[in-house]
Amino acid sequence: MRIGIIDYGMGNLFSVEQAIKRLGYEVLVSADKEELFATDALILPGVGSFKDAMKRLQETNLDSLINEIEISNKPLLGICLGMQLLFQRSTENGSGKGLGIFKGEIERFAGINDDGIAYRVPHMGWNELQFAQHPEWLQENEMTGDHFVYFVHSYFATNIDQEELVAFAHYGNELVPGIVQRGSITGMQFHPEKSSEFGVLLLRLWLDGVKKGVVM
Amino acid sequence: MLTKRIIPCLDVKEGRVVKGVQFVSLRDAGDPVELAKFYNEQGADELVFLDISASHEGRETMVDVVRQAASNLAIPFTVGGGIRTLEDMKRLLRAGADKVSVNSSALQRPELIKEGSDYFGAQCIVVAIDAKWSEEDDTWMVYTHGGRNKTDWQAVAWAKEAVKLGAGELLVTSMDQDGEKSGFDLPLTKAIREAVNVPIIASGGAGNADHFYDVLQHVDADAALAASIFHYKETSVAEVKNKLRQKGVFVR
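Line order of the protein sequences matches chains A and B. If you count the first sequence from 1, position 152 lands on 152 in the working numbering, and the numbers rise without skipping. Each number in the working numbering comes from the position in the second sequence (counting from 1) with 1000 added on.
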């Protein structure tokens, strides 16, 4: 099985590439639409600003690839900014349109909770994931031990469709979507490739699910 | 809610870990990646590699160390030491570092923080501040060159300025406490913690597991960093975390 990593010039692809290779899968890092479409599943990584990332995707014509992936039910995993891009829009640097696969908007953490107490932004560090549901590739009995994952972001998904929420974490007084899924498309706000054993487990379960054809 | 983080720091010179380390389980205790993997297994939340190479070749070697670390580690790590330009940042972040840390070079040219932050996002840019109490100024001042050279910056003012320029995190080292093993500098950490709204890593002075509790719980540092007590096995990351957990601190 071969996994394609979409290289549109935003961020650090090396760590995620290495993590997938360590799990025994072939990886293709590419910006070529045809080449990417020929792989078994795709990863949309991303670090940086929403607007720049959308602009890069449009310039490289890779935005249409993602729509084609959705139509053809091919598994795709968006990580961090890669997940945020899959939503309808973001308020980062003024309003910007996203890929619109998931319902909802990307907004900045207010940095102050309902009681007027300040909290740090970015949301950076280890937070515990809580599961709202267990899709077929992510069964509860597969997940032993603690559920800590590494987050680093200043913006998060809001007004989402609760049916698409798989896992979340609490920060400030916000409920932060950690994993979302709609059909074959999955998003992870945290960095599974940086989340030690549990992150590697989540990646492995997703890859196993792709292999078994149950990420849909 | 975020956990409090424990961060071992590895000093790397010409690609090798310095400060004699004797871990029987390691084949090569001088190999930064071997040691990093060991700390990862111990439950370290993050790592810092501090490049203390003096030569250009040594700095080139560091890029290889970073690439190796990124290939083998599934936790975030920061690289500091000798980063002077946006190009230096690019090389290390592209090699797989999650964050870069700047110190003297940012004091010489503060725009470096802004350049890095604009290009990579604030979350990638750590500003390391070496602070020492000055009787003359009646406050902590920022020092460079391991505490030898005093700058004109008050530590709290520089912390605010660094965050304004785009620092996503501050690594605050007390030059008074560094090497003393009598605990972190709580008043310094508290002063900076209260002045800014980004995560603070406290550094300098850790001598036992209780010291971590004090700085994480009493002055609410987000993370605590130590080097020699971990390297010389005076305590371990696992022991520190167990102790914190027993005392009700949220750790992973």
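These are calculated hints, taken from the structure and not from any lab test. Note that the structure is predicted; figures quoted are calculated from it, not measured. Backbone N, C-alpha and C fix where the C-beta goes; we use that ideal spot for every residue, glycine too. Misleading hints may appear alongside valid ones.
What the hints assert, rightly or not - Simulated DEER-style distance windows between Cβ atoms:
1) A:Q133 <-> B:Y1119: 36 to 42 Å
2) A:D114 <-> B:V1018: 21 to 27 Å
3) B:S1134 <-> A:D161: 52 to 58 Å
Said to hold, decoys possible - Simulated coverage check for chain B against chain A, where a stretch passes if three residues somewhere in it have a Cβ under 8 Å from a Cβ of chain A:
4) 1002-1010
5) 1064-1071
6) 1079-1093
7) 1111-1124
8) 1224-1236
How the hints compare with the structure:
1. A:Q133 <-> B:Y1119: 36 to 42 Å: holds (38 Å)
2. A:D114 <-> B:V1018: 21 to 27 Å: violated (49 Å)
3. B:S1134 <-> A:D161: 52 to 58 Å: Holds, since S1134 (chain B) and D161 (chain A) (Cβ atoms, about 57 Å apart) stay within the stated range.
4. 1002-1010: holds (count 3)
5. 1064-1071: Holds, because 3 residues of the segment 1064-1071 of chain B bring their Cβ atoms closer than 8 Å to Cβ atoms of chain A.
6. 1079-1093: violated (count 1)
7. 1111-1124: Check passed, 5 qualifying residues.
8. 1224-1236: violated (count 0)
Hint violations for this structure: numbers 2, 6 and 8, all remaining hints satisfied.
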